[in-house]
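Could you build all of it, start to finish, from the sequences and the hints given here?
Residue numbers (the numbering used here), protein chains in the order written: chain X, 1 to 77; chain V, 1 to 354.
By construction, these hints were calculated from the structure, which means they are not laboratory data. Keep in mind that a hint or two might mislead.
[As the list claims (entries may be wrong)] Have a look at the derived ranges for each label pair, beta carbon to beta carbon: (1) X:10 - V:347: 48 to 56 Å; (2) X:46 - V:210: 47 to 55 Å; (3) X:10 - V:43: 44 to 52 Å.
Virtual Cβ for every residue (Gly too), placed ideally from N, Cα, C.
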Amino acid sequence: MTSPTGEIYRIDWLPGTDVLHGTCHCGAEHSAEDPIEMWEWMLGHPEGHTQRDPNDPNDSRDRHAPHAPHAPQGNGS
Amino acid sequence: MPHMTAFARNQWYVAAYAHEVGRELLGRTVLGEPLVFYRTEDDGRPVALHDRCVHRRYPLSESGLDGDRIVCGYHGFTYDTTGACVYVPGQKRVPRTARVASYPVVEQDALIWVWIGDPALADPETIPRARHLDSPGWVTVSGMEPIDADYGLLVDNLLDLSHETYLHGGYIGTPEVAETPITTEVDEGAGIVRVSRHMDDAECPPFYAKSTGIKGRITRWQDIEYHAPCLYLLHSRIAPVGVVPEADGSDPNGFHTEITYAITPSADGKVYDFWMVSRDWATDDAEVTEFLRGNNHTVVMQDVDALNLLQKTLGTERTGYQELSINIDTGGLAARRILARLVEEGAKPMEKVQ
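See below:
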């Protein structure tokens, strides 16, 4: 055990859907339907973690810059 | 050879319940290290030493105590509480290398914690708390079951409670557990994974219906707090459907049960499953106590049987078998990753952070 750092990752499974909604400790958000893809995005911080401009209501970008596809991890062992 | 989760060294692990350690020697194996536990005569302090005599490796846990010293049951090599050999038979000189390792050990919350790793790094302040196990107003039933399975399988099991619906139906499982989405949080630095499942309108499983007397459907909250690698807390709240805590935070109409597990890897493919169920309601009702003890023991044995079977089955798989993870596994995947980090950190030399 080490001391808390305040770096909290959060993933909400949205009720009534198969969608996972992730929030990185940096505030970046991302949606996915696969927990492995979600953790890869989350742990890729800061890569691809861009934040929406809260003062710009027209800024509806995905808050997740696309990155190159990679081989799945975690479904094999 | 099925996948084995590596051990995370430089961590505290529960080795025993406090009531198990006394003036009889107790042997336990933690992270592959055989240990012997006992209490000192005067102050009742717990002692943990390596459980092999330096002479011919006889288990000291199968030996005897002379005061605070262990006398090996084979040839009489005698060790003090620090592990130093203070007597060998037939000669005056005790070889300088005659010493068994002693381990940092802490008694806290009715549990005996042992540090496996570099003793210089052991900080008791980092041991996670489970105060309900040793607090006035709480009653706890407990047990320990050894499982012939990789400890990672038990972590998987406990982090994904959707299995309650299928493996523990008729006890603690109802359809709503598997159907209700979860929220997962990871506190990276603290090594804590939190998984929450809040069911607003659920069937009341027999485990709670018979113990609380609630008739009809319930609001059921399950809030997991996994302090990797060893301590797992499940904060359970049930109440008649629609009954929520008061605005001031008090909750006089909710039933709170703390379900605690200590997940202690024993050896490759073996884990100690310490289980505890604590409640602050109906605390003087012996019938409820015995019901919860028996019912939860049955539930734990369902897990034990399932994990024994799973481990055997994995042992027949070719290397590189595939798994499939879905949304219910979000917390379990987080726990696996935290464990992998702790394993990595424990495998390299560390400097103590002041």
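Going down the list of hints, with the structure as the test:
For the pair residue 10 of chain X and residue 347 of chain V, the beta carbons lie near 29 Å from each other, so the given range of 48 to 56 Å is not met. As the Cβ distance of residue 46 of chain X to residue 210 of chain V is approximately 52 Å, the hint placing it in 47 to 55 Å holds. At about 46 Å, the beta-carbon gap between residue 10 of chain X and residue 43 of chain V stays in the expected band of 44 to 52 Å.
In this structure, the one hint that does not hold is number 1.
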